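Protein chains in written order, with our numbering: chain A, 91 to 365; chain B, 91 to 365; chain C, 91 to 365; chain D, 91 to 365.
One or more of the hints may lead you astray.
Here are the simulated distance ranges between beta carbons [as the list claims (entries may be wrong)]:
{"no.": "1", "chain 1": "B", "residue 1": "F191", "chain 2": "D", "residue 2": "N267", "range": "30 to 38 Å"}
{"no.": "2", "chain 1": "A", "residue 1": "S258", "chain 2": "C", "residue 2": "A144", "range": "52 to 60 Å"}
{"no.": "3", "chain 1": "C", "residue 1": "A144", "chain 2": "B", "residue 2": "P320", "range": "46 to 54 Å"}
Hints listed in this document are in silico derivations from the structure and should not be mistaken for laboratory results.
No experiment lies behind these values; they were computed from the predicted model shown.
Ideal Cβ positions, reconstructed from N, Cα and C, are used throughout, including at glycine.
4 protein chains.
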Amino acid sequence: MIILIQCDDKVGLVATISNIIAVAGLNIVFMREHVEKAELRFFTRIEADGEFDADILHQLFQSALPNGADIRINPMPDKKIIVFVTKEYHCLGDVLLRNHFKTLGATIQCVIGNYNLLEEVCNRFDIPFHYITHEDNTKDAFEEGIISVVRQYAPDYLVLAKFMRILSPDFVKHFENRIINIHHSFLPAFSGASPYRQAYERGVKLIGATAHFVTNNLDEGPIISQQIIPVTHAYALTDMIRSGREIETAVFARALQLVFEDKVMVYKNKTVVLE
Amino acid sequence: MIILIQCDDKVGLVATISNIIAVAGLNIVFMREHVEKAELRFFTRIEADGEFDADILHQLFQSALPNGADIRINPMPDKKIIVFVTKEYHCLGDVLLRNHFKTLGATIQCVIGNYNLLEEVCNRFDIPFHYITHEDNTKDAFEEGIISVVRQYAPDYLVLAKFMRILSPDFVKHFENRIINIHHSFLPAFSGASPYRQAYERGVKLIGATAHFVTNNLDEGPIISQQIIPVTHAYALTDMIRSGREIETAVFARALQLVFEDKVMVYKNKTVVLE
Amino acid sequence: MIILIQCDDKVGLVATISNIIAVAGLNIVFMREHVEKAELRFFTRIEADGEFDADILHQLFQSALPNGADIRINPMPDKKIIVFVTKEYHCLGDVLLRNHFKTLGATIQCVIGNYNLLEEVCNRFDIPFHYITHEDNTKDAFEEGIISVVRQYAPDYLVLAKFMRILSPDFVKHFENRIINIHHSFLPAFSGASPYRQAYERGVKLIGATAHFVTNNLDEGPIISQQIIPVTHAYALTDMIRSGREIETAVFARALQLVFEDKVMVYKNKTVVLE
Amino acid sequence: MIILIQCDDKVGLVATISNIIAVAGLNIVFMREHVEKAELRFFTRIEADGEFDADILHQLFQSALPNGADIRINPMPDKKIIVFVTKEYHCLGDVLLRNHFKTLGATIQCVIGNYNLLEEVCNRFDIPFHYITHEDNTKDAFEEGIISVVRQYAPDYLVLAKFMRILSPDFVKHFENRIINIHHSFLPAFSGASPYRQAYERGVKLIGATAHFVTNNLDEGPIISQQIIPVTHAYALTDMIRSGREIETAVFARALQLVFEDKVMVYKNKTVVLE
């Protein structure tokens, strides 16, 4: 049983929560908590062995915890996702493989692409591919095309695997903390377009990638995972892009794993990653 | 208040412990726990705000927890250490600086060296230096010299900052889990003498350093911290040694910080680092 | 044009080599050299723009350089490889994807597996899979099965993508410096079987992976690439294995890239990686 | 003998240069070159064994190489530096130690501080400390105080070891590519004031440090070295600052080593690091 709780902090929360779990006859095998002192906000993630009715457990927590506590028990046990792509295959290929070998921690329902270049590889894995072009299309019509596919599948998460279009505020709001993007730089450096060109021109000695939840402030959503690799003066722009792909794939995979294992909680514009 | 507990695992331990803390009117601001499933062993580290009598708290825990529980409350609040050196300055210099600026988390009482090369730098920081040579000396007489200095200071920890002599089993036993060594390789690779030469001859692409508690199995005590840096074919042996010093200094500093902040618990031949 | 030269070191080699290149009207756009001083051995890798007959260039170098110089011009321009697997998909999947999208730098001719679990994914990419079981088979008969497949394809490199069988000395000798293996530890730590179990039991704080050329000393061939990731006490053995797979895939991909771009030279039991 | 050359690129430069070295009877033991293709700019760094008149060698290169070639032979063999500080000890302490043990690759002539907090530690190492306050002082008077000290010592490099004042354009211009600063973030992220606060508020998962040459665009000079360390949600601002100090010290030491070993060349706003 996975239990995620966030609420305002107060004395005795751990005792309150662990007592309820003991009363339910569950055995805590993993527990992490974090208090964001600047916000007086409490976060915990618990794995407990044993059987107990989830609804009753939810009620027990709700009565005992401060008003407005966010309590999640076994959230989305069988996660379903849609992957969004443009032209690059590396992040998509990686999740297709993991999905195929059942190590992704979620099930890919379909892939949506604004180009049709990656339809072929999706076919090889028997994953439906929906080609929705943004060309010869208003922004509204393009997004309506996307919405109609998304509605059909009712996914838990939307996963942007190098999807190079910006989604509308309404769309993003509807999927709050459920759209995960990989940005090809160590944010907040080089937000916006062509981060590798920016990095090349600045002469940096490290390049990075950032996986984050999408909000309506471009490239400014809560960061889930980041990593970097060293580069040198000898890297041409194309070398940076090529090396960058490796780190993008790794960071993206790591962020999806954390999210799909229910280890990421969001508060304001930050994540608390309890692993 | 810092509370460290390790004991056999059983259902309800977190509730038991957090209830006692709540009853004592203390507020948990940090709590980490770990269950080593293979050993059915429970570990926790708690930081709690508030005032309460430490002896009574200890008794409350002792009555409530399984027999043989190891309970430590505010262990060694003002840690005192002796630093052991041979010829190399880098780890010693780093701890002298931190000690001088009061960021070490412990107080250096004195330095013991089996050469007198580093006496001069100790003098600059007004730290007593005891020169005890192993030359023209039996192993027993050498160690008796050390023991008589150590007895005089009664330190909490002995810190081997590139000390190139092996201490006797009796000596080590007396300071169980209280002697910290920096080994100049990524253990268990290249244990024993001349690890950089071994690494050079093997043609590795990474070199590392390992900080560990000293036991009577050479280079096999519980590991506290490890780190590596990349090297290439272009590194001569002397380059590896030079680069290695940087990583030794960093790993040693990191391990001391963890130990001095009471974040390291030992069970059998492993550490549990709760930070 | 790619030019790789290794020979005994002597004064004026760079002038000799660069003069020949200038005489041939070629423009050096990349040049790296290394002198292994302990061995008095010279290595260089040159990329030069322009057209010139490779055979004549080879003769010019041969006349001018010390006897026994190893000179390679545009070695294996269109590399062909066979991938060997056992049960795990992660390294295979990664190279299948890169092969499919033509970013591998080599062409997979077929896959040989001593189990048939990965045949299905090879079929999805239209790559022939040869199932050669070691069960109910003498070691000799097993290897003869492999040899007959290998003979049929005449590959440039054999790539062991988590292949868990040991090849015979004769076989290995025949493919000197042409068999690349990924070992699931930071060699020389934890060579041999079950490295993750060894690492878990030792309580290390880092785990790693090593890509190396296969020789007849098990896990002791020239190292091409190594990398590590941090782990903690909280990692169960299964967590280490899972995290290890990520780093194995990354190190393997990196080593293959270096080899397929002709950036790796071997001398005695070490590699010189000129990039 | 160390030879650094940068000039416009053209065919045959390596042959031209290596011929001159062979004619002079010198043996190349290390050579790196880089062609910045976008700029058609050639860079090389050569270490050669043997004796030859440096002035004549310079003339030989000058006659043979394109106009405007920047040729340096054994640049500043005995480097002298002034260290600038404000209040923080960690970077200063590290260079004081290295200077004391003659592993810095340069000699500290004096330390200039705009606070007098670090005078005491300088005294311990017999390094003159000049306290020049910016308080109760116009910016001009403050800088004149600095200039008069600098003039007295005629240093090769000015090393800003967490110096928190901005130097005037005239001052910076006078020391072009000879002022090295450590910035406490992974530039270009978090340039300007309070980078750790910015990083904390953004919720990044990595923090970094950047060593760069100072130009008149704040925090935008050529980058010499960068590195990062991971952080988590559990890091309070003070934890980030503390961890950041470790990485600042390491990056600063690394950058100084590269510069003092004449491995860094500057062109426009980038460095070419030939090691």
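Taking the hints in turn, this is what the structure says about them:
1. The beta-carbon spacing between F191/B and N267/D, approximately 32 Å, falls within the hinted interval of 30 to 38 Å.
2. Take S258/A and A144/C: their Cβ atoms lie about 57 Å apart, and the range 52 to 60 Å holds.
3. Restraint check, A144/C to P320/B: a C-beta distance of roughly 34 Å breaks the suggested window 46 to 54 Å.
When held up to the earlier numbered hints, the structure conflicts with hint 3 and nothing else.
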